[in-house]
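Chemist: Below, each chain spelled out in residue letters.
There are 2 protein chains.
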Amino acid sequence: MKQTARMFKALADETRLRILGLLLSEGELCVCDIMAALQLPQSTTSRHMAYLRTSGWVDDRRSGLWVHYKVTAAGSAFQQEIANLLGTHLPDLAVAGEDRKRLVGFAAEKKCV
Amino acid sequence: MKQTARMFKALADETRLRILGLLLSEGELCVCDIMAALQLPQSTTSRHMAYLRTSGWVDDRRSGLWVHYKVTAAGSAFQQEIANLLGTHLPDLAVAGEDRKRLVGFAAEKKCV
DNA sequence: TGACTGTATCCGCTTATCCGGTTATATCTT
DNA sequence: AAGATATAACCGGATAAGCGGATACAGTCA
Numbered sequence: 021m022k023q024t025a026r027m028f029k030a031l032a033d034e035t036r037l038r039i040l041g042l043l044l045s046e047g048e049l050c051v052c053d054i055m056a057a058l059q060l061p062q063s064t065t066s067r068h069m070a071y072l073r074t075s076g077w078v079d080d081r082r083s084g085l086w087v088h089y090k091v092t093a094a095g096s097a098f099q100q101e102i103a104n105l106l107g108t109h110l111p112d113l114a115v116a117g118e119d120r121k122r123l124v125g126f127a128a129e130k131k132c133v
Numbered sequence: 021m022k023q024t025a026r027m028f029k030a031l032a033d034e035t036r037l038r039i040l041g042l043l044l045s046e047g048e049l050c051v052c053d054i055m056a057a058l059q060l061p062q063s064t065t066s067r068h069m070a071y072l073r074t075s076g077w078v079d080d081r082r083s084g085l086w087v088h089y090k091v092t093a094a095g096s097a098f099q100q101e102i103a104n105l106l107g108t109h110l111p112d113l114a115v116a117g118e119d120r121k122r123l124v125g126f127a128a129e130k131k132c133v
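In order, the protein sequence lines correspond to chains A and B. Just so we're aligned, residue 21 is where the first sequence starts under my numbering, counting upward by one. Just so we're aligned, residue 21 is where the second sequence starts under my numbering, counting upward by one.
The hints are simulated quantities; they were obtained by calculation from the structure and are not laboratory data. Source: prediction; values computed, not measured. Mixed in with the good hints there might be a few duds.
Identical copies look the same in the list; a pair holds intra-copy or inter-copy alike.
Claimed, not checked - Mimicking SDA-like on lysine to any residue, the simulated pairs with C-alpha atoms at most 20 Å apart in a straight line are: (1) Lys-29 / Leu-105; (2) Lys-22 / Pro-111; (3) Lys-22 / Leu-113; (4) Lys-22 / Ala-114; (5) Lys-121 / His-109; (6) Lys-22 / Asp-112; (7) Lys-121 / Met-21; (8) Lys-90 / Ser-66; (9) Lys-22 / Leu-44; (10) Lys-29 / His-109; (11) Lys-22 / Glu-118; (12) Lys-22 / Leu-60; (13) Lys-90 / Leu-60; (14) Lys-90 / Tyr-71; (15) Lys-29 / Ala-70; (16) Lys-22 / Arg-120; (17) Lys-22 / Thr-35; (18) Lys-90 / Arg-67; (19) Lys-90 / Glu-48; (20) Lys-29 / Met-69; (21) Lys-29 / Asn-104; (22) Lys-22 / Leu-58; (23) Lys-22 / Gly-107; (24) Lys-90 / Glu-34; (25) Lys-29 / Asp-79; (26) Lys-22 / His-109; (27) Lys-121 / Thr-35; (28) Lys-22 / Ser-96.
With the hints as constraints, model all of the structure from the sequences given.
Modeler: Laid out in structure tokens, this is it:
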């Protein structure tokens, strides 16, 4: 039960929902993508990524300087079903559309692999 | 997005998850049932019920002195799908089984309609 | 090696949340 | 109307979570 509450705690924040929505619709993103799409300072972004990582929502992969995140495929059945729901509903929200738009805009000047 | 975060905030607390789990498996319960099943003081129980009510998770029904709560059927599609998942997964957890056991024990001395 | 870049962690601060005891409100009974 | 009971609202204190700037750590390239 405690673990279940922790899983939902990670979803109980607007910023983390935006990050998950973006990861669910785009697949894998590096931290700099997320900073640009959500227009967040680096420390804030990193802190939320750490939260999502330790609560078991995302996996990270380092490639040189850059760290890439994606929604984990290793969660419990319960968690995966929730991830599916998030994937179908989050991208419909207005804020999520704006985040994706900024992400596309950033792709031009983007440097990371 | 804000509303979505608020929906999950209500699920980000172990006590409220236990209450929802109980309501999902038992249908409708009065406050005294919930106090007995979870062994919570009255003020704590009431506060969590208020949280669940204002965040749109439960409906209340007054019958004389007693107030009965049930999981709402009027939520968004997203919310209802999550409620379905909660209904299938929460009752499997150990704590939920103990809560149901205490609820059955309380049924004997229970006074409310 | 040293300069540089991307990411993570630390720090102090502010705000939100939880808790249980106390007080208020609503309803029933007589 | 008065007393009793069930629930809700309020209060003060403790804990947790949010924030962004500063600093530390990793990896790259000259």
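Chemist: Hint compliance check: list the failing hint numbers for this structure, sorted ascending.
Modeler: none
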